[in-house]
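Participant: Working from the sequences, and respecting the hints, build out all of it.
Top to bottom, those sequences are chains U and Y. The first sequence stops at residue 136 when you use the working numbering, and every number in between is there. The second sequence stops at residue 136 when you use the working numbering, and every number in between is there.
By construction, these hints were calculated from the structure, which means they are not laboratory data. Since this is a predicted model, take the numbers as computed values, not measurements. Just so it is clear, CB atoms sit at the ideal spot from N, CA and C, and this is done for glycine as well.
Short, incomplete list of chain U residues facing chain Y, as computed with Cβ under 7 angstroms:
| id | residue |
| --- | --- |
| 1 | Arg89 |
| 2 | Ile95 |
| 3 | Cys116 |
Quick list of simulated restraints, FRET-style, between CB atoms:
| id | chain 1 | residue 1 | chain 2 | residue 2 | range |
| --- | --- | --- | --- | --- | --- |
| 4 | U | Lys98 | Y | Arg13 | 21 to 31 angstroms |
| 5 | Y | Glu65 | U | Arg94 | 22 to 32 angstroms |
| 6 | U | Glu110 | Y | Asp120 | 41 to 51 angstroms |
| 7 | Y | Asp120 | U | Glu27 | 31 to 41 angstroms |
| 8 | Y | Gly93 | U | Ser44 | 41 to 51 angstroms |
| 9 | Y | Arg13 | U | Ala104 | 21 to 31 angstroms |
| 10 | Y | Ser72 | U | Gly36 | 53 to 63 angstroms |
| 11 | U | Arg58 | Y | Arg13 | 35 to 45 angstroms |
| 12 | Y | Asp128 | U | Arg121 | 51 to 61 angstroms |
| 13 | U | Thr69 | Y | Arg13 | 34 to 44 angstroms |
Some chain U residues near chain Y, calculated using beta-carbon distances under 10 angstroms:
| id | residue |
| --- | --- |
| 14 | Phe53 |
| 15 | Arg56 |
| 16 | Leu60 |
| 17 | Leu70 |
| 18 | Arg77 |
| 19 | Ala88 |
| 20 | His91 |
| 21 | Thr96 |
| 22 | Glu110 |
| 23 | Leu112 |
| 24 | Val113 |
| 25 | Asp123 |
| 26 | Cys124 |
| 27 | Leu127 |
Number of protein chains: 2
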Amino acid sequence: MNISDAARTSGLPAKTIRYYEEIGLIRPARGPNGYRDFSDQDAHKLAFLGRARSLGFSIEECRTLLSLYEDRERASADVRQIARDHLGRITRKIEELQALHGMLEVLVARCHGDDRPDCPILDDLAGAEPG
Amino acid sequence: MNISDAARTSGLPAKTIRYYEEIGLIRPARGPNGYRDFSDQDAHKLAFLGRARSLGFSIEECRTLLSLYEDRERASADVRQIARDHLGRITRKIEELQALHGMLEVLVARCHGDDRPDCPILDDLAGAEPG
DNA sequence: TCTAGTCCTTCCAGTCACTGGAAGGTCAAG
DNA sequence: CTTGACCTTCCAGTGACTGGAAGGACTAGA
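Facilitator: Next comes the structure, spelled out in structure tokens:
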């Protein structure tokens with residue numbers, strides 16, 4: 006199938022698919038006209054990549070996951086470790102964002118938000134002592 | 006003061022300060038030797054930028070916040086709106102990450118994680134139907 | 001056969017906010 | 001006068017695409 010069909014079945018933009026080929030994630034065959042010719046397996050891999058990316062795995066993690074996926078001798082512990090590492094990063098990121106959210110929420114609540122210039126948000130950014 | 010002192014007092018790397026000058030966030034004076042010469046006010050602005058960035062505001066938001074900070078006629082409502090928009094984005098990002106976290110957690114829990122190859126995580130990425 | 005329109009190709013540049021490094025000028029201490 | 005720490009500019013790279021230009025290939029219709 007052509008790249009637009011591969012894009013449709015995998016849900017990835019054609020541009021992204023070309024990029025994935027460029028960085029060696031997939032190696033579709035080529036027709037005599039130079040067009041990429043995607044097998045069903047290629048499309049399946051692309052869908053795999055799309056799902057892994059949408060779960061937030063990095064490209065390099067996706068590369069590893071894909072090679073594990075294709076390795077019939079793989080140990081599920083390897084996959085699990087990658088997923089657990091990723092889970093840890095997500096957890097930390099959530100905590101970080103929640104801390105930010107809490108701080109900003111306080112600032113927004115304290116700012117009266119009218120047409121006067123005095124603003125606790127700017128005061129805080131400028132380094133004013135709280136209180 | 007020289008850039009390394011500005012870096013020390015603001016907490017930003019010298020490289021970042023040069024970058025901020027390049028994109029027009031600050032305009033430090035120059036000495037006869039071509040060195041940047043930061044006033045206390047410059048250092049203060051840099052600290053302001055550092056705090057705003059650490060709260061996750063984009064560079065363009067920082068630019069606006071800084072100009073509002075320097076505008077004695079500003080309306081605090083403008084600042085509040087930027088902060089609220091940002092708060093909304095943080096909230097959505099947190100929800101997104103929590104959804105991801107939930108999915109990955111389920112997958113990790115279901116994967117026995119030993120030296121056998123069967124792995125629900127890969128099955129899921131490959132598009133297997135749940136159940 | 002010609003043409004219009006849609007597909008495909010490659011290549012280059014831009015995104016965001018830095019970060020690293022090379023090459024070279026300046027300054028302060030000994 | 002040398003050493004070493006500072007400063008300068010410029011170029012390139014990061015991650016993961018995304019947009020667009022220039023040009024070749026294919027398909028449908030007149």
